[in-house]
Amino acid sequence: MPALDDTTAGLLQIGLLVVLLAAVHVPLGDFLARTLTSPRHLRAERALYRVLRVDGDADTRWPTYAVSVLAFSTVSILFLYTFLRLQRFLPLSLGMPAMEATQAWNTAVSFTANTNWQSYSGEAAVGHLVQMAGLAVQNFVSAAVGLSVAIALVRGLVRAGTGTIGNFWVDLTRSTLRVLLPMAVVAAVLLLLCGVVQNLSGATAHTTLAGGTQTVVGGPIASQEAVKLLGTNGGGFFNANSAHPFENPTPLSNLLQVFLILVIPSSLPRTFGTLVGDTRQGLAVLSVMGGIFAVSLALTTWAEVHAGGAVPQAVGAAVEGKETRFGEWASALFATATTSTSTGAVNSFHDSYTALGGGVVLFNVLLGEVTPGGVGSGLYGILVLAVIAVFVGGLMVGRTPEYLGKKIRQREITLAALYLLATPFALLSGTAIALSSEATRSALLNSGPHGLTELMYGFASAANNNGSAFAGLGANTPFYNTALGLAMWIGRFVPMVLVIALAGAFARQRPAAPTAGTLPTRTPTFAGLHATVVVVVTGLTFFPALALGPLAEALSGAAS
Amino acid sequence: MSTTLTPTPAPRAPQQDGPHRVASGAFTPRQLVSSLPDAVRKLDPRHLVRTPVMLVVAVGAVLTTVLAVLDPSVFAWVIAAWLWTTVLFANLAEAVAEGRGRAQAASLRRVSTETTARRLERGHDEVRVPSSSLRPGDLVVVEAGETVPGDGDVVEGVASVDESAITGESAPVVRESGGDRSAVTGGTTVLSDRIVVRVTAEPGESFVDRMIALVEGSARQRTPNEIALNILLASLTLVFLLAVVTLQPMAAYSGDPQSTVVLVALLVCLIPTTIGALLSAIGIAGMDRLVQRNVLAVSGRAVEAAGDVGTLLLDKTGTITLGNRQAHELLPAPGVDVLELADAAQLSSLADATPEGRSVVVLVEERHGPRTREHPAGAAFVPFTAQTRMSGVDLREEPGAHPGDVREVRKGAAAAVTHWVRTLGGHVPAQVEQVVEDVATSGGTPLVVAEHRGGTARVLGVVHLKDVVKEGVRERFEQLRAMGIRTVMVTGDNARTARAIAQEAGVDDVLAEATPEDKLELIRREQSGGRLVAMMGDGTNDAPALAQADVGVAMNTGTSAAKEAGNMVDLDSDPTKLIEIVEIGKQLLITRGALTTFSLANDVAKYFAIVPAMFVTAHPQLDALNVMRLATPQSAVVSAVVFNALVIVALIPLALRGVRYRPASAASLLRRNLLVYGLGGVVAPFAGIKLVDLIVSLLPGM
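Chains as they are written, first to last, in our numbering: chain A, 275 to 834; chain B, 279 to 980.
Honestly, the hints are just simulated from the structure, not real lab data.
Note that the Cβ used here is the ideal one computed from N, Cα and C, for glycine as well.
Heads up, a few of these hints could be off.
Said to hold, decoys possible - Which residues of chain A face chain B? A few of them, derived with a C-beta cut under 10 angstroms, are:
id, residue
1, Thr482
2, Ala484
3, Thr487
4, Thr674
5, Thr688
6, Ala691
7, Leu702
8, Ala706
9, Ala713
10, Ala717
11, Leu719
12, Arg782
13, Pro785
14, Thr815
15, Pro818
Said to hold, decoys possible - Take a look, some chain A residues computed to stay more than 12 angstroms from chain B by CB distance:
id, residue
16, Ile288
17, Ala332
18, Ser395
19, Gly486
20, Leu526
21, Phe567
22, Trp576
23, Arg673
24, Arg685
25, Leu694
26, Ser703
27, Ile707
28, Leu709
29, Met730
30, Phe753
31, Leu825
Work the whole structure out from these sequences, hints included.
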């Protein structure tokens with residue numbers, strides 16, 4: 275059989291991925307819509323509500339919802355922190371010591387905030403029990419929290435004057451039990467079939483071919499891996515994450531991983547469309563996500579495959595930091611998928627990407643991860659940006675702007691505008707503070723524009739809850755652990771509360787009847803405006819910083 | 279039915295050249311100069327604080343001035359000067375907008391000057407008091423030649439009143455106690471008779487006072503949408519402030535810390551100064567456009583709501599139809615020659631000054647040629663009364679026939695005339711009854727013409743009076759439909775008549791035999807379906823509906839109750855005004871949206887001007903981003919700042935006039951405005967900044 279050339283193979287992979295995602299888009303989207311809004315509880319859920327003393331039929335207003343989210347997440351952080359600090363007293367710890375305080379704070383926030391930024395090496399710092407009962411649990415519930423908030427926002431848009439947006443505990447339970455858990459089981463089996471490791475063994479020593487000894491850590495990897503990707507978490511069992519052969523052994527498993535990353539976020543627009551009673555609204559949102567994703571993928575792939583510079587030219591592409599199992603195409607695809615969602619799993623070193631390729635993946639993160647974004651957070655993020663687009667576009671057609679019949683007035687625009695402000699605030703002020711002191715600056719591996727990119731990527735990854743590391747930033751210091759932890763907290767929970775408040779503001783309104791004079795939000799024109807707003811808002815906020823980082827580096831590369 | 283009628287012109291045709299054009303107020307560059315002192319006065323921090331965007335620019339101007347003093351350089355002084363200019367230009371925009379209203383206010387103020395009122399004490403004693411001491415409930419007497427001392431309702435008497443000071447209309451109007459024409463406005467002059475007025479307004483809060491406050495912009499409250507936009511602009515300002523403040527450590531890290539002057543320049547260029555500067559001018563100008571059309575809005579909120587209107591309640595009479603029924607056809611009774619009917623119809627209408635009567639004369643002349651127009655000698659006209667419900671003429675018969683005999687010709691409501699004929703022993707043919715029925719079915723009004731001559735009474739035929747739908751109304755409603763606005767015709771006619779006219783005019787729905795309660799119910803129903811409703815009304819019984827409607831326009835001829843209930847007053851009392859009001863509301867919002875888009879789109883070019891200039895020392899390769907090939911780093915920054923200031927002045931006329939608005943669907947409006955103001959906003963500054971740079975680079979020290 276003649277070997278496929280890289281381009282054909284790469285395009286085939288992308289084609290296959292698109293076909294797979296398209297195949298599950300409608301059924302999964304509608305399944306989510308049905309599951310999350312059905313009035314019926316499962317028997318197991320009823321039992322759980324009784325134990326937790328929750329009224330499963332209560333329909334709450336936004337303050338209750340927001341308090342529930344915050345309470346749940348705060349308890350999660352405290353629990354995880356305690357767990358990490360006390361792990362050596364627990365079984366299956368593999369003899370790992372307690373995690374240092376700031377690192378434990380960082381890790382606790384990281385996993386609760388669906389970021390999964392890891393300032394530690396998974397295999398060297400946490401035992402199996404913490405992995406399974408601490409981190410993996412958060413992998414499920416942090417994604418479920420995101421999904422809950424997104425559904426609450428959609429409810430706000432749909433409901434007519436009730437003021438209620440659902441019940442957080444019910445949303446959380448259903449997202450976990452009926453959506454993520456069964457999907458993760460299927461995904462884990464598929465990953466196992468692809469050769470991903472699953473056992474409970476600790477480190478074992480092996481003699482290598484060359485005669486030396488190598489320590490190999492096994493563990494419950496496939497199960498962890500499934501939810502790491504499905505929940506757009508990204509926290510790897512191993513430090514090398516999806517570049518590690520136990521996590522991601524073959525090109526097939528790699529494609530499956532990319533599929534798992536994208537499957538829920540890319541189906542949520544369908545859920546949205548179905549719930550608002552107009553699937554074309556969902557398609558418009560999906561086209562915005564997909565359009566930006568496609569451009570980003572094309573740019574990254576092009577940059578990596580056609581890299582300038584002596585070494586890449588000699589070997590034909592930018593191969594440094596990429597697994598030869600996957601090559602440039604699959605690496606670029608994985609990198610785009612992981613940064614366009616809030617996953618942050620990696621199968622290659624983003625630090626080693628060309629300046630342009632690295633710049634594009636950074637830009638994906640800076641976009642606020644809405645293309646298609648994390649589980650839930652991608653949908654609510656892009657809907658908030660739709661609110662901004664509708665506000666500007668709606669004025670231009672001569673009406674008080676309205677989205678799906680809900681008017682965007684003082685309260686709504688305030689909440690949306692604050693949402694736009696929260697993440698850049700955490701990101702830029704964190705970067706600026708880190709740069710202001712020699713001590714924190716020394717954590718950078720590189721100097722010059724590349725060093726700036728490394729640092730900015732770190733804060734971007736934290737504030738946008740991505741969790742991928744550009745690498746090159748020695749982030750395990752008390753300063754970075756604390757600061758990045760704060761950035762993750764602000765970047766996750768401030769926007770979430772604003773979104774929940776926005777849902778409440780929408781839910782109170784009775785929808786206006788659509789007329790020919792209403793701004794149509796399901797047309798290509800509006801999708802274009804929406805996509806422009808997504809890109810321009812980010813572009814305007816970060817252009818000077820990007821100019822000093824990736825742009826300066828890329829242009830100097832081009833000049834040399 | 280090919281009759282063509284020359285419709286009597288409506289008493290006051292709205293001054294519009296086309297059926298749908300929001301005309302623009304004149305703007306001359308001289309207004310910029312004359313408003314300059316006001317603009318300088320507005321540099322007061324207490325004023326600047328109202329607009330967050332401009333406040334940031336002003337703080338930047340102060341900061342750069344201080345820095346220029348401490349460390350003088352041409353660059354620093356140029357930037358400082360242009361930042362002050364930017365603030366000044368923003369003030370200028372507002373000052374020009376306000377200045378345009380001031381001329382109107384000045385003429386109004388003459389009206390509101392102090393007069394002496396004759397207050398009635400205990401019902402009969404007259405006391406002369408200054409008009410400013412009048413309180414609601416006071417009764418005042420006004421006689422011919424005197425000025426009405428305050429707003430109120432006529433409670434006694436009838437008078438003709440000259441309202442030209444308010445409306446600009448020179449023809450006097452009749453105001454009488456009771457009914458729907460009882461309201462008088464302070465400052466108007468009574469031309470005849472004597473009336474007693476019950477004052478309804480507190481001193482200083484009269485109609486004219488409110489009008490002055492409105493046109494001057496002094497009472498201007500921010501409208502909900504304006505507040506929302508201001509919040510978005512303030513948030514964007516914060517985002518850019520964050521971006522610029524955090525840029526300094528990054529620049530320092532890159533080995534190229536920036537001077538504060540450059541950072542302030544960058545910030546001012548990025549924050550949405552264009553729309554920030556023009557926002558209040560747009561609002562004032564929107565109100566002004568209404569005032570120019572003789573519409574007074576109680577609040578800007580109502581003007582904005584007008585843009586959102588989904589349902590228009592239109593009174594049939596005057597809006598959809600010409601207002602009066604017109605003779606449309608002559609239908610002779612069996613055995614009667616049409617010319618005989620024509621003659622009789624004309625004779626009976628000669629003295630009938632009502633539009634219906636005149637239209638009969640006109641129809642007869644058009645159909646059957648010129649006939650005798652003079653009043654026949656010895657004719658005695660019988661006027662219409664509510665009791666007889668018919669009018670006509672008694673003629674002395676021509677000599678020779680039956681001397682001393684009288685020929686009586688009557689025309690009137692079918693029931694009344696047939697009754698008259700039967701009473702006199704005449705016979706009403708079944709065919710005539712049928713014709714009467716047919717005319718009524720088709721939505722028309724049948725008038726029966728009969729004569730009593732030589733002892734016999736007989737029916738001559740039927741005049742078909744028809745409501746004539748105004749020309750162009752149908753097209754207008756189609757446009758409204760394209761804009762997404764439903765039209766509902768409201769009429770007191772019966773359902774049959776109403777439907778016939780509705781169909782001819784092309785309205786979407788009809789409310790027939792409408793009582794005030796029906797109107798209120800209809801408005802509530804539309805609102806609960808998520809539509810904003812606009813209506814016009816004049817009577818006291820319209821007041822609840824006017825209050826319930828989102829946009830309630832009271833006619834100036836209406837009662838005080840109606841004016842109080844509505845949120846706008848139309849001085850022309852022109853029912854078609856409602857459509858113009860909707861267009862003005864839309865234009866106001868579009869102007870805001872378009873300039874916001876333009877302002878933000880401008881940032882792209884400004885980045886390409888300033889960012890390479892800032893960092894070209896640290897990273898020479900960034901010069902590749904200097905796509906405009908601006909001369910030097912300094913000239914690039916100055917050019918961006920200068921362009922940023924000039925664009926404000928350049929857009930003042932647009933802000934005052936409003937962007938062009940044609941009724942169209944939202945989808946096509948969005949496409950067009952995105953292209954013009956979005957794409958245009960990206961492209962224009964590249965050319966503009968380059969142009970400014972060509973000049974700036976000639977300055978020494980750049």
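A quick look at each hint next to the structure:
no. : hint   : verdict
1   : Thr482 : violated, 43 angstroms
2   : Ala484 : violated, 43 angstroms
3   : Thr487 : violated, 43 angstroms
4   : Thr674 : holds, 5 angstroms
5   : Thr688 : holds, 5 angstroms
6   : Ala691 : holds, 3 angstroms
7   : Leu702 : holds, 4 angstroms
8   : Ala706 : holds, 4 angstroms
9   : Ala713 : violated, 14 angstroms
10  : Ala717 : violated, 13 angstroms
11  : Leu719 : violated, 14 angstroms
12  : Arg782 : violated, 14 angstroms
13  : Pro785 : holds, 5 angstroms
14  : Thr815 : holds, 5 angstroms
15  : Pro818 : holds, 5 angstroms
16  : Ile288 : holds, 31 angstroms
17  : Ala332 : holds, 28 angstroms
18  : Ser395 : holds, 28 angstroms
19  : Gly486 : holds, 42 angstroms
20  : Leu526 : holds, 42 angstroms
21  : Phe567 : holds, 23 angstroms
22  : Trp576 : holds, 18 angstroms
23  : Arg673 : violated, 5 angstroms
24  : Arg685 : violated, 9 angstroms
25  : Leu694 : violated, 6 angstroms
26  : Ser703 : violated, 6 angstroms
27  : Ile707 : violated, 8 angstroms
28  : Leu709 : violated, 4 angstroms
29  : Met730 : violated, 8 angstroms
30  : Phe753 : holds, 15 angstroms
31  : Leu825 : violated, 7 angstroms
Violated hints, in rising order: 1, 2, 3, 9, 10, 11, 12, 23, 24, 25, 26, 27, 28, 29 and 31; the structure is consistent with all others.
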